[in-house]
Amino acid sequence: MVTVSLPLSAGWVFGWCVPDDDGAAKNLLMTAVIAYENTLNIFLVASDGSKIFCRLARKWCGVAKTAPRNRIYSSMTQAEWDACKLWSGDDARDAIYDAMYAQATAGTTLRKCLWEAFEVPSIFRA
Numbered sequence: 132m133v134t135v136s137l138p139l140s141a142g143w144v145f146g147w148c149v150p151d152d153d154g155a156a157k158n159l160l161m162t163a164v165i166a167y168e169n170t171l172n173i174f175l176v177a178s179d180g181s182k183i184f185c186r187l188a189r190k191w192c193g194v195a196k197t198a199p200r201n202r203i204y205s206s207m208t209q210a211e212w213d214a215c216k217l218w219s220g221d222d223a224r225d226a227i228y229d230a231m232y233a234q235a236t237a238g239t240t241l242r243k244c245l246w247e248a249f250e251v252p253s254i255f256r257a
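Be aware that the sequence shown starts at 132, since it is given in this note's numbering, and climbs by one per residue.
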């Protein structure tokens, strides 16, 4: 099996904006998750899909212990964090892609935060 790696800018041309490098993907993902967490207020409530995505994202990025005590994470016990399925790198990239483009996976605000963090060209923002 041959693996081809393109620069991120070349991937943007084809609508793929998630880096193959786990470290780079985690940095961009946490940028999006933190931006999303900062948008939540009394009027903006996280959807169930967005809550699950953020929990799994923090777990994959190794920053579950530093999760803020907001409505997304406040009910999470250590046992629940431990029970969260840990994404593989490929699972994470698929979940990020789905959250950016599949309507039912994540809410609109999280999707916008992901688009911004991963610098998705406006032509691919549906």
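Some hints here could point you the wrong way.
What the hints assert, rightly or not - As a list, the in silico DMTMM-like pairs of lysine to aspartate or glutamate whose alpha-carbon atoms are at most 25 Å apart:
hint, residue 1, residue 2
1, K196, D153
2, K182, D225
3, K157, D221
It should be emphasised that the hints constitute simulated quantities derived from the structure, not laboratory data.
Against the structure, the hints:
Taking the CA atoms of K196 and D153, the gap is about 20 Å. The hint holds against a cut of 25 Å. Taking the CA atoms of K182 and D225, the gap is about 17 Å. The hint holds against a cut of 25 Å. Between K157 and D221 the alpha-carbon distance is near 12 Å, which keeps this suggested pair within the 25 Å criterion.
Hint compliance for this structure: every hint is met.
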